[in-house]
Each structure stands twice: as structure tokens, then as C-alpha cells.
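All chains should be modelled from the sequences, with the hints used to inform the complete structure.
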Amino acid sequence: MVAFLSLRDAVAECVRDGDTVAMEGFTHLIPFAAGHEVIRQGRRDLTLVRMTPDLIYDQMIGMGCARKLIFSWGGNPGVGSLHRLRDAVERGWPAPLELEEHSHAAMANAYAAGAAGMPCAIFRGYLGTDLPEYNPNIRFIECPFTGERLAAIPSIRPDVAIIHAQRADRQGNVLIEGIVGVQKEAVLAAKRALVTVEEIVDDLKAPSPNSVILPHWTITAIAEVPGGARPSYAHGYYKRDNAFYTAWDSISRDRDTFLAWMREHVLEAEPGSPLGWRV
Amino acid sequence: MEYTANEMMTIAAARALKDDDVCFVGIGLPSAACNLARLTHAPNLTLIYESGTIGARPDVLPLSIGDGELCETALTTVSVPEMFRYWLQGGRISVGFLGGAQIDRFGNINSTVIGDYRQPKVRLPGAGGATEIATHCGQIFVIMRHSLRAFVEKVDFMTSLGHGSGGDDRQRRGVTTAGPTLVVTDLCIMRPDPETKELTVVSLHEGVEPEQVQEQTGWPLRFADNLERTPPPTEEELTALRDLQARTAKAHAATE
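Top to bottom, those sequences are chains L and Y. Counting from 5, one number per residue, gives the positions in the first sequence under the working numbering. Counting from 395, one number per residue, gives the positions in the second sequence under the working numbering.
Careful, some of the hints might be misleading.
[Said to hold, decoys possible] BS3-like mimics (lysine-lysine), calculated; alpha carbons at most 25 Å apart, straight line: (1) L:K72 x L:K243; (2) L:K243 x L:K209; (3) Y:K644 x L:K243; (4) L:K72 x Y:K515.
No lab work stands behind these hints, which were simulated from the structure alone.
Right, dumping it as C-alpha cells:
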């Protein structure tokens with residue numbers, strides 16, 4: 005049964021050292037507040053899974069939470085590099101980071117396969133690229149009907165999926181709208197699912213019979229965290245803080261500047277108070 | 395009107411898109427070119443971003459591939475697995491518009507690492523959607539600034555297949571789509587030779603001499619026999635581009 009918890013208790017309940025953690029949200033609805041709580045609780049040796057690591061994994065990697073990263077595009081969208089990710093890969097700071105690198109098509113298929121309870125994802129992809137040479141989890145199979153050579157990678161089945169959504173009702177059913185990314189697949193693929201929401205309401209007011217809704221019995225814990233996706237955005241609530249994404253480039257470039265910023269805006273901040281750390 | 399080399403590049407790239415194209419748009423330079431096309435000669439152009447937005451009509455250029463502006467103006471927004479499975483892999487996209495850090499003489503693109511993969515000199519963001527965009531769209535247009543660092547004899551890492559080692563190498567790898575048919579830079583326009591698939595300069599932008607392009611290219615360049623001059627930007631094109639960029643700068647500087 006879904007539990008309504010504080011952000012601190014929800015993260016403590018769902019995330020353990022050594023877990024494989026998928027925090028999804030494709031540019032939109034990125035669960036920043038939950039990620040910051042994982043950092044505050046000092047989780048270690050995580051395998052972080054995410055199509056686009058974005059600033060949230062840059063922060064978690066820079067704070068030493070991660071042992072391994074499974075990803076398909078590791079940049080600051082429209083701005084440039086993720087400097088903490090690069091520092092970990094290029095110079096092993098604060099710790100070496102193992103990479104398992106894919107393409108978006110592969111990751112999207114692997115989440116869908118995980119949600120479908122399949123051991124692997126099969127798709128037409130990785131043609132002509134060098135990626136399979138460096139990632140032993142990219143293999144090829146022959147279609148038993150046509151003989152076509154197809155790509156196969158293991159499905160993604162995380163210990164815990166963490167997402168942010170617009171709202172939940174009091175039973176714990178969750179509505180997601182706008183750019184819905186791979187959040188539904190991530191939740192259905194995971195053993196445990198933590199959802200932070202902008203608000204908990206009496207009536208979800210789903211705009212269409214085909215709205216994306218996760219039933220309460222697919223979710224482990226829900227925490228109400230208004231603004232929990234900032235500086236990414238929540239469709240219908242607030243806009244993406246593009247100025248912050250641009251500012252992150254200089255905050256994160258230098259180790260000391262980064263650590264000072266994290267101390268002030270994350271380590272010493274109250275759980276779920278994202279407004280306090282905006283520039 | 396006076397214009398910059400970057401403006402010429404974006405405008406030349408925009409001109410290549412047709413009104414009935416369905417275009418998978420990369421962020422940055424491709425996004426500027428695709429939206430300029432939509433705002434000028436190709437109002438019905440369908441723009442698809444990998445975040446799932448189909449038929450996006452943004453008023454300002456998105457900073458990321460999933461800005462709210464894209465979803466709010468789109469015909470519909472689908473999940474990311476659906477985007478890559480039904481729409482891209484399903485063969486619904488006529489043009490993929492890509493950039494990258496390096497491109498080689500056969501149009502192969504690197505957006506993964508400079509140097510060795512395990513000990514990289516520069517760790518770049520990686521493939522994102524590009525690997526499958528490069529093989530599943532009907533054809534590929536590339537937009538990149540010309541420099542010796544970017545136009546290399548051979549890419550350090552093959553993120554996205556172009557014409558492989560040239561000739562029919564792409565087909566021999568089991569790929570049936572056309573691959574890169576057009577490369578637009580701030581100096582010139584290149585197309586693959588019909589036989590060898592080597593990128594060949596077919597048009598120089600106004601004021602650019604062949605030697606300048608060669609100086610910024612890491613292999614001995616071929617120039618087409620009937621080398622053309624790219625028509626300079628029209629007033630309409632320049633005004634549309636500058637208005638778009640001014641709206642974009644204003645929107646991205648604003649915080650709530």
C-alpha cells in the first residue's frame with residue numbers, strides 16, 4: 005500500500021546504499037528535491053540510471069553518491085558540459101565513475117522492456133556506431149523470422165524509481181502530464197517507486213480518459229514537495245529556470261565553488277525547500 | 395543587409411527543408427535552422443523533438459530538447475519510448491537534422507569523446523538520440539561550424555554512422571536510408587559524391603575562397619566542377635532569424 009511520507013522519510017524508506025536508482029523526467033519534472041535529499045542522507049555506491057543525467061546527477065556524482073552511471077546523453081542541455089560528470093570520468097574526482105553508455109533509443113526500449121517484465125529489449129539500432137565495442141551490454145541477435153540483425157540490451161529493472169509528478173489524490177493515484185518521458189515505464193520497471201508531487205488533492209481532475217495516471221498500487225511512497233522539480237519545470241505549475249541551467253556552468257566548473265554551493269543550498273537546506281537554493 | 399557567417403549558415407540550412415518534411419530536430423544550431431524554415435518558406439514543416447513533441451511550433455527557440463514551449467505548441471506529445479519506437483524506428487521521419495563535435499570526410503559524426511574512449515581528452519555528452527536518428531530518418535542534414543578540430547580525416551569515435559568508409563559501406567552495414575545528403579557550415583555547403591560518398595564542396599558562401607575552406611578542413615578537399623555561390627540571405631530571412639533570436643534571448647534571461 006502506498007505510504008504518504010515526508011520527503012526525508014520517503015527517501016530513507018526507499019533508497020539504500022548500493023541501490024540501482026532511476027530518477028527520470030525528460031528535461032521536464034526532474035525530481036531535484038528528492039535527489040537533494042539522497043545527497044543529504046549520504047547514500048553511497050549507487051548505480052544511477054537516467055537517459056539524460058542533467059544537473060541532478062551532476063550534483064549527486066560530484067557529492068560522491070555514485071559508483072556507476074547508466075546513461076545516454078550527459079550534457080547540460082543547450083549550455084554545454086556537465087563539469088562534475090566530466091571531472092569524475094576524466095580525473096576520478098571525487099571518485100572514479102564506471103560508465104555504461106547507450107543511445108536514447110536503447111534506454112527507452114530498455115525501460116519499456118523492464119516495465120513489460122522482459123529480460124532484454126530488442127530493437128533496430130546501434131548500426132555502424134562504435135558504442136558496442138565499449139559496452140558489453142550491447143549485443144546483437146538474429147530475428148527468428150526474417151534473419152534481420154537486431155540490437156539487444158538488458159532491460160532496466162531498478163531497485164527504486166524516483167519521479168516527480170503534478171499531483172496525487174488522497175488514495176495515492178498519480179497524474180503526470182506534459183512531456184511524460186519514460187516515467188511511467190521507470191515506475192513499472194522498478195521494485196520500489198517514490199513519487200514527489202506538486203500537490204495532494206481530493207480530485208485528480210484528469211483532463212482526458214487517456215491521461216497518464218499511475219494507480220496507487222504501483223507506488224511505494226508519495227511525498228508532497230511543491231517546487232520539487234526546480235530548476236526543471238512542472239507543466240501547469242512553473243517554467244523551466246533556463247537562467248539557472250546557464251548559471252550552473254560556472255557554479256559547477258570549479259570543485260570548491262561547487263562544494264560551497266552544495267553546502268549552502270543543499271546540505272544545509274531543509275528537505276523540500278527548493279525555493280531557497282535558486283540563484 | 396550585412397550579415398554574419400553564422401547567420402548565413404543557419405539560413406542556408408533552413409532553405410534545405412521542404413514544407414512537407416517531417417523533421418527530427420537536434421538542439422542548438424539544427425533547432426534554429428528548422429524553426430527559421432517554419433517561420434519563412436515552410437510553414438507546414440512538422441518539427442519533432444526527441445522529448446516526444448510532434449508538430450512543435452515554438453515562438454522562441456528552446457534551450458533544452460524538452461522546454462515547456464515545445465509541448466504547449468505541439469500537435470501532440472507522446473512518451474519517449476513511443477517516440478523512438480513508433481515514430482523514429484517506424485520510419486515516419488523524412489529528415490534528421492544533426493550537429494556534432496566532429497565530422498569526417500564520409501559524414502560520420504562524433505559526439506561522444508575526443509581522444510581515447512577510456513582515457514578521453516574531452517568527454518562530450520554522448521549519443522542521445524543521434525545514433526538511431528542517423529540510421530532511421532530518410533536522410534540526414536548536418537549543420538556545423540567549420541574548423542580543423544571539427545572537420546577531421548577520421549572521427550575519434552563513431553557515434554552516428556554517415557557513409558562509413560565510403561562507397562556502399564552504409565548499405566553493407568544493413569542500413570537502407572540515405573544518410574547525410576547535406577552538410578552546411580559557416581563557409582560552404584557540402585554534399586557526398588554520388589559514387590565515393592566523400593563530402594564535396596558544392597557551394598561557397600559569398601566572400602569565401604576555396605583555400606579558406608581547405609585551411610579549416612582536415613583532409614584534402616574536393617570541390618565540385620560546377621562550384622556554386624550560395625545566394626546571400628534575403629532581408630526577409632535575416633529579419634525572421636534576428637527576431638527569433640531576440641525573442642529567444644529575452645525569454646531565456648528571464649526567471650519567474
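Q. Keeping to a limit of 25 Å between CA atoms, is the pair of K644 of chain Y and K243 of chain L held or broken?
A. 15 Å, holds
Q: Take the C-alpha atoms of K243 of chain L and K209 of chain L, compute the straight-line distance between them, and say whether it is at most 25 Å.
A: This hinted pair holds, its Cα atoms lying about 21 Å apart.
Q | Restraint check for K72 of chain L with K515 of chain Y, where alpha carbons must lie at most 25 Å apart | A | Given that 25 Å is the threshold and the Cα spacing comes to 20 Å, the pair holds.
Q: Take a quick look at whether K72 of chain L and K243 of chain L sit within 25 Å of each other, Cα to Cα.
A: Roughly 31 Å between the alpha carbons, so the hint for K72 of chain L and K243 of chain L is violated.
The earlier numbered hint that this structure contradicts is number 1, and it is the only one.
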